[in-house]
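2 protein chains.
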Amino acid sequence: MKIILASSSPRRRELLSHIGVDFSTAVPPASAEASIEACRYNPTEFAERNSFMKAGEVAKISPKDSIVLGADTIVVLGDVILGKPKDGEDAKKMLLALSGKMHEVITGVTVINNKIGRSITSHESTEVFFKKLSSEEIDFYIKSGEPMDKAGAYAIQGLGSLFIPGIKGCFFNVVGLPLFKCMSMIRDISED
Amino acid sequence: MKIILASSSPRRRELLSHIGVDFSTAVPPASAEASIEACRYNPTEFAERNSFMKAGEVAKISPKDSIVLGADTIVVLGDVILGKPKDGEDAKKMLLALSGKMHEVITGVTVINNKIGRSITSHESTEVFFKKLSSEEIDFYIKSGEPMDKAGAYAIQGLGSLFIPGIKGCFFNVVGLPLFKCMSMIRDISED
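Chains as they are written, first to last, in my numbering: chain A, 518 to 709; chain B, 518 to 709.
Just to be clear, a hint being listed does not mean it is correct.
It does not matter which identical chain is meant; a pair holds if it fits inside one copy or across any two.
In silico DMTMM-like links for lysine to aspartate or glutamate, alpha-carbon gap of 25 Å or less [stated by the list, open to error]: (1) K577 with D705; (2) K648 with D539; (3) K649 with E708; (4) K648 with E531; (5) K685 with E621.
Keep in mind the hints are simulated off the structure, nothing from the lab.
All values reported here derive from a predicted model rather than from experimental measurement.
Whenever a hint applies, use it, and build me the whole structure from the sequences.
Dropping the structure here:
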C-alpha cells in the first residue's frame, strides 16, 4: 500500500525519507484545524483531532490502495499551547516563557487505511528541558531566523539544541513526527 | 580562537556543522586509546580518559590559539561495554542483547585551551530504551548495513529510530557528540 503524508512540513518529509520510507505528500486544506474550545481546551485532544482532520481531508482525495498519515505537533507550557510566533517580539515572549523550565511537546497522529476505511488516532508526548536563557542568547537566536516558523519558537535539531540539556521521550516527536509511534501505527493498520 | 575537533567521525563533524560552528578536524592517532583495565573497568572513566587522550594528542600538534575538542562514545549494557561489531554475527549478538532493555550511552568529552594549557574533562550520559526485536527485524537491520560501523550496532538517527520508543537525556549524545555539553564546556574554557 502507498503511504501518503498529509502534511506541508519539510521537516516531516525529511524524517520519513531518512528512514527509507517510500511515500508521497499531499497538503491538507488550511481549514483542517480543530477549535481548542471544541476540545475543551485539552491540548492532547486538540493535537489528536487536528491530525485526524488533516488525515481525513487527504484520505478523501487519495486512492483506495493507500495509507494516509496525518500529524499535528504542539508545544505546551503548563496549560498554555504555544503556536508559531507571529514575529520577533512574539518569538522573544515564547523563548522567555520556556527559559529555565520543562515543557511538553505533543504530536497527535492519525493513520487511515483507505482500503478498509479504518483509522487509528493516538499521540506521543515528550518532555523537553530548557536551560535559563540570557537576553543575548534570545536576541542572537531570533536574529538567526530559526524560531520563525516553529511551534514554540525553537528547533531542537538546529541551534535550539544549545538550549536543551536533555529530553524525556521520543526525540523525533519534538522535530515533528514521532517515527517509532508512526511506523508502529502504520504496521498495525496495514495488518487489519 | 579556532576550534579543532579531534575526531575522524563524519557524524561528529556533521553535528558541529549543523549548529554553525566554525571548526577544523584533526584525526587523533589510533594509539590514543585507554585500556579498560587501567580505568578499573569503569565505563565513564574509560570514555573520559579516551576523550582526554584524543584531545591531548591533537593539542600537541595544534596551534597555540586553538581549542581542541575530543570525544569518545560508548554503549553500556549493565556493566558490559559494547563497541563496534566485528561482523554481522557480532552485530546480531549485540542487537539481541539490547532488545527489550534500557542501556546507557556515555560520551566522554575533553576540551583543551591550548593558549593557557588548561583542560576540562567531563561526560554526558543518556538512557536509551529498545523495544523487543524480532529475528526478522534484526536480520533486516543488519542487511541494511547501518549497524556495521556503530558502537552498539545501531544508529538512533537512522533506521535504528524504529527500535527506540524514547530516551532520557541528550539525543545528540547518542549520535556521538553531546552538543549542549560540548558548547558549555567550550564557553567555560574560552572565558578562562
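A quick look at each hint next to the structure:
no.: 1; hint: K577 with D705; result: within (21 Å within a copy, 56 Å between copies)
no.: 2; hint: K648 with D539; result: between (38 Å within a copy, 23 Å between copies)
no.: 3; hint: K649 with E708; result: between (47 Å within a copy, 19 Å between copies)
no.: 4; hint: K648 with E531; result: between (28 Å within a copy, 24 Å between copies)
no.: 5; hint: K685 with E621; result: both (10 Å within a copy, 14 Å between copies)
Violation of the numbered hints given earlier is absent; every hint is satisfied by the structure.
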